[in-house]
Amino acid sequence: MSRRRTDPILDDLTEPQREAVTYGEGPLLVVAGAGSGKTRVITRRLACLVGQGVPPDRILAITFTNKAAEEMRRRVESLVGAGATVKTFHSFCAWLLRRGIPHLGRDAGFSIYDRTDSLRVVRQIVREMDLDRDTYQPARLLDRISMHKDSLEGPEQCVREAIGFYEQTAAEVYRRYDERLAENNALDFDDLLFKTVELFRTRPEVLQQYQKSYLHVLVDEYQDTNLPQHLIARALQGRHRNITAVGDPDQMIYTWRGARLENILEFEEDFPGAHVITLERNYRSTANILHAASVSIGFNTLRRQKVLWTESAPGEPVHVLEFEDPYAEAEWLGDTVAEMFEGGVSPREVAFLYRTKYQSLPLEDALASRSIPYQVVDTVGFFDRKQVKDLRGYMQLLLNSSDEEAFLRVVNVPSRGIGKKTLERLRGIARRDGKPMLVTARNASALEELGTRARNALAGFCELYERLASLKCDSIFAFLKQLLRQTAYMQSVPEEDREDVQEVLNYFLSYAKQYDRRSPGGDLLGFVEQTALISDVDGWNTGASAVPLMTLHSAKGLEFDVVIITGLNEGILPHQRALEENPYGNEIYALEEERRLFHVGMTRARKRLYLTHSSTRFIMGREESVSPSRFLQELPQEAVQRESSRPALESEDPAVQFARQAQEVVHRKRTLRAPGRTGSVLQVVDGSAQNGIANGARVVHASYGEGVVVGVESAGKHQMVRVAFSQHGVLTLLLSAR
DNA sequence: TAAACCGTTGTTTTT
DNA sequence: CAACGGTTTA
Numbered sequence: 249m250s251r252r253r254t255d256p257i258l259d260d261l262t263e264p265q266r267e268a269v270t271y272g273e274g275p276l277l278v279v280a281g282a283g284s285g286k287t288r289v290i291t292r293r294l295a296c297l298v299g300q301g302v303p304p305d306r307i308l309a310i311t312f313t314n315k316a317a318e319e320m321r322r323r324v325e326s327l328v329g330a331g332a333t334v335k336t337f338h339s340f341c342a343w344l345l346r347r348g349i350p351h352l353g354r355d356a357g358f359s360i361y362d363r364t365d366s367l368r369v370v371r372q373i374v375r376e377m378d379l380d381r382d383t384y385q386p387a388r389l390l391d392r393i394s395m396h397k398d399s400l401e402g403p404e405q406c407v408r409e410a411i412g413f414y415e416q417t418a419a420e421v422y423r424r425y426d427e428r429l430a431e432n433n434a435l436d437f438d439d440l441l442f443k444t445v446e447l448f449r450t451r452p453e454v455l456q457q458y459q460k461s462y463l464h465v466l467v468d469e470y471q472d473t474n475l476p477q478h479l480i481a482r483a484l485q486g487r488h489r490n491i492t493a494v495g496d497p498d499q500m501i502y503t504w505r506g507a508r509l510e511n512i513l514e515f516e517e518d519f520p521g522a523h524v525i526t527l528e529r530n531y532r533s534t535a536n537i538l539h540a541a542s543v544s545i546g547f548n549t550l551r552r553q554k555v556l557w558t559e560s561a562p563g564e565p566v567h568v569l570e571f572e573d574p575y576a577e578a579e580w581l582g583d584t585v586a587e588m589f590e591g592g593v594s595p596r597e598v599a600f601l602y603r604t605k606y607q608s609l610p611l612e613d614a615l616a617s618r619s620i621p622y623q624v625v626d627t628v629g630f631f632d633r634k635q636v637k638d639l640r641g642y643m644q645l646l647l648n649s650s651d652e653e654a655f656l657r658v659v660n661v662p663s664r665g666i667g668k669k670t671l672e673r674l675r676g677i678a679r680r681d682g683k684p685m686l687v688t689a690r691n692a693s694a695l696e697e698l699g700t701r702a703r704n705a706l707a708g709f710c711e712l713y714e715r716l717a718s719l720k721c722d723s724i725f726a727f728l729k730q731l732l733r734q735t736a737y738m739q740s741v742p743e744e745d746r747e748d749v750q751e752v753l754n755y756f757l758s759y760a761k762q763y764d765r766r767s768p769g770g771d772l773l774g775f776v777e778q779t780a781l782i783s784d785v786d787g788w789n790t791g792a793s794a795v796p797l798m799t800l801h802s803a804k805g806l807e808f809d810v811v812i813i814t815g816l817n818e819g820i821l822p823h824q825r826a827l828e829e830n831p832y833g834n835e836i837y838a839l840e841e842e843r844r845l846f847h848v849g850m851t852r853a854r855k856r857l858y859l860t861h862s863s864t865r866f867i868m869g870r871e872e873s874v875s876p877s878r879f880l881q882e883l884p885q886e887a888v889q890r891e892s893s894r895p896a897l898e899s900e901d902p903a904v905q906f907a908r909q910a911q912e913v914v915h916r917k918r919t920l921r922a923p924g925r926t927g928s929v930l931q932v933v934d935g936s937a938q939n940g941i942a943n944g945a946r947v948v949h950a951s952y953g954e955g956v957v958v959g960v961e962s963a964g965k966h967q968m969v970r971v972a973f974s975q976h977g978v979l980t981l982l983l984s985a986r
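The first sequence lines up with residues 249 to 986 when you count with the numbering used here.
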């Protein structure tokens with residue numbers, strides 16, 4: 249069984265990677281640590297299956313984000329050509345339900361609601377039920393609804409099982425919410441999964457059809473699957489049981505979306521006979537970065553033991569810096585990256601990562617003032633813009649006349665004199681007649697109780713609707729242009745906003761153009777569905793040579809030469825909400841998720857990693873002092889270098905200067921107190937040679953426990969040892985100089 | 001009855 | 001500091 253000399257699918261793989269890629273039939277779990285070639289393994293496996301003669305259209309690959317799906321499709325196509333189905337869970341379910349949902353008594357032309365849409369519905373219900381908005385916060389209620397759906401708990405069950413007044417009320421909100429969505433013929437994100445499970449459960453013949461059509465199912469990022477996703481994956485593996493799950497429990501960062509660590513931790517129980525391959529060698533980062541990341545994640549208790557190792561050089565230490573406030577932080581980083589770019593570093597290779605979206609603001613200022621091109625990778629931002637939602641609202645309503653959220657969104661945009669009172673009355677009539685508001689508005693006789701002015705205004709809107717409905721366009725782009733013209737959208741925009749609005753519209757139009765090009769024959773429904781399920785904006789601004797700015801969550805799966813993580817403060821990372829009580833479990837669990845998030849961030853870096861924090865932050869406009877993140881204290885001293893940020897002293901107010909210097913003194917004390925000497929982190933118990941540690945020496949590590957040295961080499965002024973720990977396996981450690 | 005205005009409120013992460 | 005909701009004004 250010798251391989252051909254040049255095999256693009258297998259040649260550059262290591263042994264464990266190759267084993268995963270070529271593994272035969274039956275369930276397979278690949279536990280792949282950060283930077284261990286996870287994406288490579290799953291793509292190559294798919295390509296390998298095709299190479300072995302599995303028809304591509306009988307392979308289903310599922311990813312978490314559209315971007316990951318696109319990337320995988322691109323890579324597979326370059327290896328073995330097109331044909332495999334690569335989708336996200338949500339887009340797969342949407343596609344499936346367009347055909348299958350009539351089995352559940354629902355219409356296939358459903359709208360897909362995003363969180364904003366859903367929130368509007370909940371708000372309306374809270375109003376109708378006359379509930380106190382502080383006690384029954386719509387966002388909280390929606391979170392609860394989402395949690396229930398993620399646990400496959402329907403509204404009836406919740407109403408039945410609710411204990412106490414609050415829960416009963418919340419369950420009633422859920423019941424009405426679901427009812428309203430059904431009336432609007434709409435599904436929210438959770439429904440896409442929930443209904444698919446329901447369809448599989450109640451219609452075995454439908455499930456069978458999909459089980460037959462897919463011979464292999466591959467799921468990426470398995471650690472982030474929630475219960476419905478886990479069940480869908482299990483259902484689809486069918487009789488052949490050819491499921492490949494790839495993931496890393498240490499990168500599970502979506503508990504709030506229902507992700508269950510158990511899905512991957514207990515994989516062998518759910519898929520009996522599953523083969524498990526663990527990829528622990530990291531190819532991405534320098535030894536210092538990897539060491540810091542490993543020690544950090546080692547503080548977690550809820551994990552599947554796994555020790556990452558590397559043969560890379562130690563590289564630079566991890567840079568840790570403290571600043572006065574987020575603006576000083578951003579300014580210094582602005583200067584630093586500007587220097588890097590002068591030195592020839594590509595802006596694409598430097599990423600700014602942060603915990604929360606609002607942290608991008610000071611960074612944006614700093615970069616903009618230095619004319620450094622940057623791109624905020626805001627996952628929903630663009631599709632959440634008012635203008636985009638308006639246009640989408642029109643399209644949604646054209647596709648689904650029952651969609652009242654869409655109706656309410658666009659009926660008075662641009663403003664045509666249809667106000668709150670008119671709509672309230674129209675809703676009343678619609679409810680009484682049991683018809684959607686749009687249908688009611690089109691029925692002139694139903695409107696007799698309305699005033700002439702309101703009636704004329706509504707008639708005008710209906711006329712517009714008819715005109716739009718009868719448009720014949722050969723592309724989405726052309727349709728959108730017509731839509732803008734027919735609605736006279738721009739005319740209603742105030743002069744001073746025109747430029748901004750036009751810019752947003754242009755982006756949207758060019759997005760539509762791309763859609764036209766990529767999916768010829770694609771219809772309105774396909775376009776609206778895609779924009780509803782979109783999760784990242786790469787589609788409308790690719791190729792730009794700009795510094796990416798993004799949240800730690802959206803950084804997962806990416807890698808950069810230089811990574812800068814800002815705001816390493818208590819209350820930010822770990823986030824305040826994780827330190828308080830939370831609805832998912834206890835605080836330790838939430839804290840560990842924050843640590844995983846930090847781990848994800850650190851392991852994005854190939855060569856250089858900056859971790860910055862500030863002594864004050866601005867919270868709701870107020871300045872407040874904050875302490876450094878506990879995650880920084882947990883880092884191994886030998887892989888970290890604390891640097892001073894050297895602000896411009898001459899321009900500094902003496903009082904501010906004093907405060908900063910005092911801070912520095914405190915900081916220095918803390919650093920000295922921390923274990924800096926080799927002995928305190930890694931203690932030699934037995935067998936040390938005269939110049940340090942020798943092979944075979946027995947050692948004790950502060951966080952890994954006991955181990956035996958299996959390799960020693962010097963790396964510049966540092967010494968690197970490979971230690972086989974009894975609990976954690978073999979690990980490469982970097983010792984600080986004596 | 002609709003649009004402009006103003007004060008209050010409250011900010012995790014995203015398919 | 002932005003978005004929302006309620007209040008005032010036209």
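Among these hints, one or two may not hold up.
[Unchecked claim] Dumping the calculated DSSO-like pairs for lysine-lysine here, alpha-carbon to alpha-carbon at most 30 Å:
no.	residue 1	residue 2
1	Lys720	Lys683
2	Lys761	Lys637
3	Lys637	Lys669
4	Lys683	Lys335
5	Lys669	Lys720
6	Lys634	Lys668
7	Lys335	Lys669
8	Lys761	Lys335
9	Lys335	Lys637
10	Lys634	Lys683
11	Lys460	Lys335
12	Lys634	Lys720
13	Lys605	Lys637
Note that these hints are calculated values from the structure, not bench results.
Here is what the structure says about each hint:
A hinted pair counts as satisfied when its Cα atoms are at most 30 Å apart, and Lys720 with Lys683 qualifies at roughly 28 Å. Distance hint between Lys761 and Lys637 is fulfilled; the C-alpha atoms sit about 18 Å from each other, no more than 30 Å. Taken as a hint, the Lys637 and Lys669 pair is honoured in the structure, with Cα atoms around 23 Å apart against an allowance of 30 Å. The suggested pairing of Lys683 with Lys335 is violated, with an alpha-carbon distance near 36 Å, which exceeds 30 Å.
Annotation: proposed proximity of Lys669 to Lys720 is violated, straight-line Cα distance about 35 Å (limit 30 Å). Of the pairs offered as hints, the one joining Lys634 and Lys668 holds, with about 19 Å between alpha carbons and a cut-off of 30 Å not exceeded. In summary, the hint linking Lys335 to Lys669 is not supported, as the alpha carbons are separated by about 44 Å, beyond the 30 Å threshold. Between Lys761 and Lys335 the alpha-carbon distance is near 21 Å, which keeps this suggested pair within the 30 Å criterion.
The straight-line distance between the Cα atoms of Lys335 and Lys637 is roughly 24 Å, inside the 30 Å bound, and the hint therefore holds. A hinted pair counts as satisfied when its Cα atoms are at most 30 Å apart, and Lys634 with Lys683 qualifies at roughly 28 Å. Of the pairs offered as hints, the one joining Lys460 and Lys335 holds, with about 18 Å between alpha carbons and a cut-off of 30 Å not exceeded. Taking the CA atoms of Lys634 and Lys720, the gap is about 26 Å. The hint holds against a cut of 30 Å.
Our distance criterion of 30 Å between C-alpha atoms is met by Lys605 and Lys637, whose separation comes to about 21 Å.
Of the numbered hints listed earlier, those contradicted by the structure are 4, 5, 7.
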